[in-house]
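K.L.:
Use the sequences and the hints to build the structure in full.
Going down the list, the sequences are from chains A and B.
The first sequence begins at 1 in this note's numbering and counts up by one.
The second sequence begins at 134 in this note's numbering and counts up by one.
The reader is advised that the hints may include incorrect statements.
Derived PhoX-like pairs (lysine-lysine); straight-line CA-CA distance at most 25 Å [claimed, not checked]:
#, chain 1, residue 1, chain 2, residue 2
1, B, Lys514, A, Lys35
2, A, Lys115, B, Lys324
3, B, Lys473, A, Lys30
4, B, Lys466, A, Lys109
5, A, Lys67, B, Lys467
6, B, Lys466, B, Lys324
7, B, Lys298, A, Lys106
8, B, Lys212, A, Lys106
9, A, Lys106, B, Lys324
10, A, Lys35, B, Lys298
11, B, Lys514, A, Lys29
12, B, Lys212, A, Lys115
By construction, these hints were calculated from the structure, which means they are not laboratory data.
If you're wondering where the values come from, they're calculated on a predicted model, not measured in any experiment.
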Amino acid sequence: MAVFESSERLQEVLGGFFQFLLTQEEMAKKLLASKMVIKFNYTDPALSITIDMTGSEGIITFNDTKKAEVEMSMKADVAHRFWMGNVNLVIALARREMVAKGPIPKILKLLPIIKPAYVLYPQYMKEKNLNIG
Amino acid sequence: MAFSDFFQFYCPTKLVFQPGISKDFSAELAHFSLTKVQVITDAMLVKVGLVAPIVEGLKNAGIEVVSIFDRVPPNSELKIIQECADEAIQKEVDGIIAIGGGSVIDTAKCVDILLTYGGDLVNDYSGAETLSGPLKPLIAIPTTSGTGSEVTHAAVILDASTHTKLSFVDRNLAPHMAILDPELTFGLPAKLTAATAMDALTHAIESMTSIQTNPISTALAMQVIPLIRQNILKAVLNGQDLEARSALMTAATLAGIAFDHSMVGVVHGMSHAAGGLAGIHHGLANSIFLPWGMDYNFEKCVETYAKVATLLGIKREGLSETDLARQGIESIKKLRAELKQACGMAENLSEAGVSQDLLEAITEGAVNDGTSFYNPREVVKEDLLPFVQKAFK
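P.N.:
Here it is as structure tokens:
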């Protein structure tokens, strides 16, 4: 059974979590320094989340047609496991659990920045009473 | 040795080795049912007469060579790929034969994407695992012994408009077959022989120290190191030495398979940056940076470097693991000195014509290079700069 029962639920959880990450001062500063637009394309259920980090603050949009420098495609379940800290991005790419379009070095450079998020994700869900996984 | 949490091994490329085989590999070609092919190469190889006998062999095998694209530069770029692909599509070829070094083979991989699926190379396919299925047959015939591109599932191409290198990584990018004919390297100049072999040596060593190293890639890399150490000088001093040429070609291919699975580290990071900023040949840059990159990683890699030292021929007796590891690095410096004496290959950035003003930028480029992620020690600008400075003198 899929972790997220609907696109709405996925948007609520991951969309909300990304918004939460952008309120974390240190991480947000480093993410905004990347000046990237990154789009996550999820399936099962379907949703795309775009994070525009080109300005002075991050902007999150859903099912946006905006062109992104990097597009990451994966099942929503894989995304959940990733933010739980249980998926190694490099291995996921090698196993085709994730597909990355765009400059791979830039994607890899984001990994150390988002490391604290693996701790924050389960905490965030607990605080929001989002009982998943 | 600590085991990785995960590893996989996938090398779909059929390897066929024999001196002289590039002139007639009709038996192997029969498996592909090719009728019309495009040959992708560079003008120099055509000029020195390396391409004509291979084309003749293809014709004798009943294959029509409808296009010979020979405009691939040393660092191939998007514009060239589009021109080459347009020609392949227009001539309706059903396969590609790449004859050349890494730039030619990487070009052929990208042309094959456009030939098979069409679309826009950068927007649709740059990145990792973006292809939806297999490509049309691609046969790689390397004419250097270094890059290993004939067996890797990646291609790196220059975007001249942004001066950045674009990477394409997909299991379907590995050529279907590699024809390893060491006689094709007989005419390779001594300096290029040395630089490309040092490139392969770097692939082997960095594949052993990468955070993604695994027992299979290490087994291959361990075979590579003595093959190169024992044959590099022989091939540099006598380009016609078939045994040495055979060893180097085999080593480069094995090293290619090894690093294709393990990736590389900070030595490549520095070389990529120096290549982009100063135009220094990739193999030469790796040769210059190799001992300094090893030095940078030393504390994390003592055990592996001790193993490398023994593979380079250093006797273990009486030496501690740390001393043995140090001897390994010194042995590489000694090898470079021997190569300098034999063919004049530069030992440092200064001799290679790189300006001292670029050292900081090279360091920064290495930090931001994708290979840094796989390096066993975090690549930090302040920590790395002294090693880049040492590589200058």
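K.L.:
Against this structure, judge whether each hint is valid.
P.N.:
Going through the hints against the structure:
| no. | hint | result |
| --- | --- | --- |
| 1 | B:Lys514 / A:Lys35 | holds (20 Å) |
| 2 | A:Lys115 / B:Lys324 | violated (44 Å) |
| 3 | B:Lys473 / A:Lys30 | violated (44 Å) |
| 4 | B:Lys466 / A:Lys109 | violated (32 Å) |
| 5 | A:Lys67 / B:Lys467 | violated (51 Å) |
| 6 | B:Lys466 / B:Lys324 | holds (16 Å) |
| 7 | B:Lys298 / A:Lys106 | holds (12 Å) |
| 8 | B:Lys212 / A:Lys106 | holds (23 Å) |
| 9 | A:Lys106 / B:Lys324 | violated (34 Å) |
| 10 | A:Lys35 / B:Lys298 | holds (18 Å) |
| 11 | B:Lys514 / A:Lys29 | holds (20 Å) |
| 12 | B:Lys212 / A:Lys115 | violated (38 Å) |
Comparing the model with each earlier hint shows violations of hints 2, 3, 4, 5, 9, 12; every other hint is respected.
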